Amino acid sequence: MHDALELAATRPQSAALRSYAPALLIFVVLALVPPIALLGPEGYVLSLTTRMMILAIAVISLDLLLGHSGLVSFGHAAFVGLGAYVTGILITEGVVDAFTILGCVVAASALFALVTGAVSLRTSGVYFIMITLAFGQMLYFAASSLSAYGGDDGLTLWNNAQLLGTGVLDDPRGLFYAVLASLIGAFVLVDRLKGSRFGRVLNAAKSNPTRVTCLGFDVFRFRLAAYVIAGVLAGLAGFLSAVQTEFVSPATMSWHRSGELIVMVILGGMGSRNGALLGALAYVGLEELLSTYFAHWKLIFGPLLVLMVLYAKGGLGAVLAPLTGERPRG
Amino acid sequence: MALFWRRSPASGRVAEPLLQVCGLSKRFGALLATDDVSFELFPGECHALIGPNGAGKTTLVHQISGLLRPDDGSIHFAGSDITRLPAAARALRGLVRTFQISSVIDSFTTLDNVALAAQARHGSSFRFLARADRETALNDAAMAALADVGLEHRAQVPATTLAHGEKRVLELAMALVQKPRALLLDEPMAGVGLEEAERLITLLNRLKSELPMLLVEHDMQAVFSLADRLSVLVYGRLIATGTPEAVRADPEVRAAYLGDAG
Chain F
669 MHDALELAAT RPQSAALRSY APALLIFVVL ALVPPIALLG PEGYVLSLTT RMMILAIAVI
729 SLDLLLGHSG LVSFGHAAFV GLGAYVTGIL ITEGVVDAFT ILGCVVAASA LFALVTGAVS
789 LRTSGVYFIM ITLAFGQMLY FAASSLSAYG GDDGLTLWNN AQLLGTGVLD DPRGLFYAVL
849 ASLIGAFVLV DRLKGSRFGR VLNAAKSNPT RVTCLGFDVF RFRLAAYVIA GVLAGLAGFL
909 SAVQTEFVSP ATMSWHRSGE LIVMVILGGM GSRNGALLGA LAYVGLEELL STYFAHWKLI
969 FGPLLVLMVL YAKGGLGAVL APLTGERPRG
Chain Y
7 MALFWRRSPA SGRVAEPLLQ VCGLSKRFGA LLATDDVSFE LFPGECHALI GPNGAGKTTL
67 VHQISGLLRP DDGSIHFAGS DITRLPAAAR ALRGLVRTFQ ISSVIDSFTT LDNVALAAQA
127 RHGSSFRFLA RADRETALND AAMAALADVG LEHRAQVPAT TLAHGEKRVL ELAMALVQKP
187 RALLLDEPMA GVGLEEAERL ITLLNRLKSE LPMLLVEHDM QAVFSLADRL SVLVYGRLIA
247 TGTPEAVRAD PEVRAAYLGD AG
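If you read the sequences in order, they're chains F and Y.
End of the first sequence sits at 998 in the numbering used here; the numbers just go up one at a time, nothing left out.
End of the second sequence sits at 268 in the numbering used here; the numbers just go up one at a time, nothing left out.
Only chain F is shown next, with the shape it has when bound in the complex (with noise of 0.2 Å):
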């Protein structure tokens, strides 16, 4: 019976490194995009590239729900929101100590994600969804009501963050460095996770959490573990947004930008391997091409989404299975 676990174990080694094809590869490429847009509208190419790269994060972090908890949350924007509030409002009154904002930023969103998460997850299903987007909309008010933050035009800045006294944040490339290696962190960071006795824990009672609280777990808190965690990367990506555009806005929190997540989400397959990555790079990249070229590009951009739902179920991370060699998932 070793022979049959050892024979298991060496094969997927080689697998595994296809599976992460994709994300290799992307990260590569994304790594060479500074130097390559020397060539080309510099600004505009790094600025596109940045946002698309923190908003990978965010939806990286609602994949760890959605595709792999089977927790559709429809707040997960409050959480980018709080962190980018957290970061204005910490600039705007002097703090401007990257590592002291990042750790008030990690604090907030994991305190907001405790104290709802506990709540939230008493339910289930449709309740979830309702009370998860109920506790994104109260965040949403409460930021328009901050007057002495901008209230609902929002907030712009007029410093930024400093990384140990630095202004590489301040730098386009920079940032551009620092935001591709906290994407890179959190896909290694959420893809450990998925594979982890935790993991399979979250990942089992997705499907039959009846029957995974009888083996002894209490679902409840592998779950709200997971919801703090991934509040708390959105966290991490609403600090990097609020760097880079140098604005806060309620609007980020609004339930449409939650829902703009979970399309992402669902655009790049939930719960595979490279999914949420490819999702969030490929939506703000047709948004981007579509809306260069035509008005009314949401006419396209909404069709292409049906399609992809009716006829590639497992999104973009299905399309490219048979070259990365994973399972589609259901």
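Because the hints were derived from the structure by calculation, they are not lab data.
If you're wondering where the values come from, they're calculated on a predicted model, not measured in any experiment.
Even glycine gets a Cβ: it sits at the ideal position worked out from N, Cα and C.
This list has only true hints and no planted wrong ones.
Examples of chain Y residues toward chain F, derived with CB under 7 Å:
1) Ala-94
2) Ala-97
3) Leu-98
4) Arg-103
5) Gln-125
6) Ser-131
7) Phe-132
8) Arg-133
9) Leu-135
10) Arg-137
Ranges of calculated distance between the beta carbons of each label pair, as one might list FRET restraints:
11) Y:Glu-201 x F:Leu-693: 50 to 56 Å
12) Y:Ile-107 x F:Leu-967: 45 to 51 Å
13) F:Arg-686 x Y:Ala-143: 24 to 30 Å
14) F:Tyr-979 x Y:His-128: 39 to 45 Å
15) F:Tyr-817 x Y:Gly-129: 45 to 51 Å
Chain F residues, not near chain Y, derived (Cβ > 10 Å throughout):
16) Ser-682
17) Ala-691
18) Gly-762
19) Ala-775
20) Ile-799
21) Leu-801
22) Ser-813
23) Gly-842
24) Glu-955
25) Tyr-961
Fit chain Y to the given chain F structure using the hints.
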């Protein structure tokens, strides 16, 4: 806490019941699904619970395993009151159940299903980074449990591809890997063919010497070849408890349930 000291039929010694259900009641609206049910499971015995469809067998198992909260009555396991204990905590104390409808994790391989169950007992599952599928301790324990039930040759296939009978056996392996102190088997024979049923009965017969089990079952052949004692549940109420022979002879039971099966 009132403990009933009684002679355990299997060992013949005076023994404290491992599982004791006392005056359990559960009402769904006007329906009294469990009506003042009391019985014990002694160490070393297989206690079968039979009853016609809709008698409330599964409702009773749900209450014992913690998925449903009884309205009244108490459940003691291994000397402590577990009436208010959540389902997960009961499993960790060694009161492990299987399900009437095969409920294995379909997206997992057979081995991963058992490894997941093993994980519940081997250390913390709040481990976030190390790959679980490379943990030899878990995989070895899972493989041993699969070998124990004769399913090791199917270890690497996705659980969806298992035949119905194999899923029933996998359910057992998932329970066994947890080193339970007592098993709650909710219709382990449900939907399996004759040949497979016989295999399952042989397997359970071997297990019951070391593992007390509460067997909820429709299959009379299984019940009469496994059970040391029988309880008959009709409309949520226990109408008889005793040895299979005594229960088989009970006129009330014959009228209510067994019919010509006896």
